[in-house]
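Student: Sequence:
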Amino acid sequence: MPELPEVEVTRRGIDLPLQGARVLSVETGKPLRWPLGVPPQDLHGAGIERVERRGKYLWMQFERGRGGLLIHLGMSGSLALRRGGASPRGPHDHFEMSTTAGTLRLTDPRRFGAVVWAPSREADPARKLLARLGAEPFDSTYGAREFHAALRGRRTPIKQLLLGGEVIVGAGNIYACEALHEAGIHPATPAGRLSPARAARLLEAVRGTLQRAVELGGSTLRDFRDAHGMGGAFQAQARVYDRAGHPCPRCGGLVRRMLQAQRSTYYCARCQRR
DNA sequence: AGTTAAACCTGGTTGC
DNA sequence: TGCAACCAGGTTTAAC
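The numbering of the first sequence is my numbering, which starts it at 1 and goes up by one.
What the hints contain is simulated information worked out from the structure, not anything from laboratory work. A hint or two may mislead.
Subject to a maximum C-alpha distance of 20 Å in a straight line, what follows is the list of computed EDC-like cross-link-like pairs (lysine to aspartate or glutamate) [what the hints assert, rightly or not]:
#1 Lys30 to Asp42
#2 Lys128 to Glu27
#3 Lys30 to Asp93
#4 Lys128 to Glu166
#5 Lys30 to Glu122
Let the hints inform the model, and build the full structure from the sequences given.
Tutor: Structural data, given as structure tokens:
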């Protein structure tokens, strides 16, 4: 469900409403990927300043001295902020924070997600989890030259390098496939063998793909819901992802599925070149 | 150091 | 219908 666009759409849905709100109570369900790190009641009374994003992580900054929460949606997580009456917690609701601006609830069936407290973004455990992340795709100071330089000498297939997030964050399995298709690059191409021109084209494709997905409200491929419970519209835009056997919308070739590092990759063997 | 596999967990879909 | 196998949007950790 959540790649960068879904996380950003979620952030935009909760940031302003939660700014200035105060935590009333916190309940946890089954264990998530990492423990919260503090007793839930320690968060009571904390004022929320804002919600930021780094890669696919959200950082909820509390008022001075109260630290913050690092939130990840994993594979199947979604956040919803609801005002008014409290509906009962369901079996997959593993974190619930009641605030003066409504109740924020993390629903995550697979529990690969996490909510972790840290004294600050720059302090462990947040620092450690954010440390290896690559460039933000919407960072205008990051350019094709840096991107190409980061690929130099890497023999890893470009699709896997995009997924890894050490070079550039945000593209998960769907958007990595879509961006490579848009750039006309075969997913198995060794990253270091991309010419400067093709690397530049790929960087722009990643940016464009993610940007358009944010504007469309995120992917709705399965059951993505933003913080208001609305689905996104990116699904209709997917050109290759989950479309094996269909014709490539650009060249009419057959969209194929292959495995890379145990993840499905969808691509057109005719117009995506090594 | 770079690259790849295993691990975490539940639920929906597919195929026999 | 039942049940096993496979698949799913992520990322860390351990192992070659």
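Student: Confirm or reject each hint.
Tutor: Status of each hint after checking the structure:
no., hint, in the structure
1, Lys30 to Asp42, "holds, 19 Å"
2, Lys128 to Glu27, "violated, 25 Å"
3, Lys30 to Asp93, "holds, 8 Å"
4, Lys128 to Glu166, "holds, 14 Å"
5, Lys30 to Glu122, "violated, 27 Å"
When the structure is compared with the earlier hints, violations turn up for hints 2, 5 and for no others.
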